[in-house]
Amino acid sequence: DQEVMHAFGHLDLLHPANTITPARALEIAIEGETYEYTEMYPNFRKTAVDEGNLAAVAEIDEQIAESKEHAEQFQAMLAKAAKRFAALANVEERHANHYKKALEKAKEFAAV
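Heads up: the sequence shown begins at 1 in my numbering, then just goes up one per residue.
Since the hints were derived computationally from the structure, they do not count as laboratory data. Hints may contain errors.
Think about it this way: if two alpha-carbon atoms lie no more than 25 Å apart in a straight line, the pair counts; the simulated SDA-like pairs of lysine to any residue are [what the hints assert, rightly or not]:
1. K80 with D1
2. K101 with V91
3. K68 with H6
4. K68 with T34
5. K83 with E27
6. K68 with A7
7. K83 with D1
8. K68 with V57
9. K68 with R45
10. K68 with E108
11. K101 with A86
12. K80 with K101
13. K68 with A58
14. K83 with A96
15. K80 with A58
Whole structure, please, built from the sequences with the hints as guidance.
Given below as structure tokens:
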């Protein structure tokens with residue numbers, strides 16, 4: 001998605017990849033998009049309304065809707081990733097416990 005690549009391009013300039021997690025990157029993207037549709041574009045819209053610039057109002061309304069959609073997409077991506085990593089953590093814990101038991105049996109066998 002072009003918007004995701006755009007966000008990550010800005011993010012890499014502000015926060016080099018070795019200093020930020022993917023989850024934090026999504027949080028920053030959500031914060032930015034939320035700012036756009038709750039504060040920045042509404043302020044631009046008010047100015048356009050005050051100036052009677054209906055074309056600008058229409059364009060800004062589209063930008064507000066897009067920014068809100070992007071924030072929702074990023075939030076859904078973050079929630080999906082958290083769910084997947086939680087599931088993976090459970091699987092890895094089961095594997096680790098299985099290997100630990102197998103190692104204990106091997107040590108018992110070696111001691112005999």
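Taking the hints in turn, this is what the structure says about them:
1. Note on K80 and D1: the hinted pairing holds, with a Cα-Cα distance of about 17 Å set against a maximum of 25 Å.
2. A threshold of 25 Å between alpha carbons decides the hint, and for K101 with V91 the separation of about 16 Å falls inside it, so the pair holds.
3. Annotation: proposed proximity of K68 to H6 holds, straight-line Cα distance about 16 Å (limit 25 Å).
4. Between the alpha carbons of K68 and T34 the distance comes to roughly 7 Å, so the proposed pair stays at or under 25 Å and holds.
5. Between the alpha carbons of K83 and E27 the distance comes to roughly 16 Å, so the proposed pair stays at or under 25 Å and holds.
6. Between K68 and A7, the direct Cα distance comes to roughly 14 Å. Compliance with the 25 Å bound is thereby established for this hinted pair.
7. Restraint check for K83 and D1: the C-alpha separation of about 22 Å stays at or below 25 Å, so the hint holds.
8. The hinted pair formed by K68 and V57 meets the criterion: a straight-line CA distance of about 16 Å does not exceed 25 Å.
9. For the suggested pair K68 and R45, the alpha carbons sit about 15 Å apart, so the restraint of at most 25 Å is met.
10. A distance of roughly 60 Å separates the Cα atoms of K68 and E108; the hinted pair therefore is violated under the 25 Å criterion.
11. In summary, the hint linking K101 to A86 is supported, as the alpha carbons are separated by about 23 Å, within the 25 Å threshold.
12. Pair hint K80 plus K101 does not hold up; C-alpha atoms about 32 Å apart against a cutoff of 25 Å.
13. At roughly 16 Å between alpha-carbon atoms, K68 and A58 fall within 25 Å of each other, so this suggested pair holds.
14. For the hint pairing K83 with A96, the CA-to-CA distance comes to about 20 Å; that is within 25 Å, so the pair holds.
15. Restraint check for K80 and A58: the C-alpha separation of about 33 Å exceeds 25 Å, so the hint is violated.
Violated hints, in rising order: 10, 12, 15; the structure is consistent with all others.
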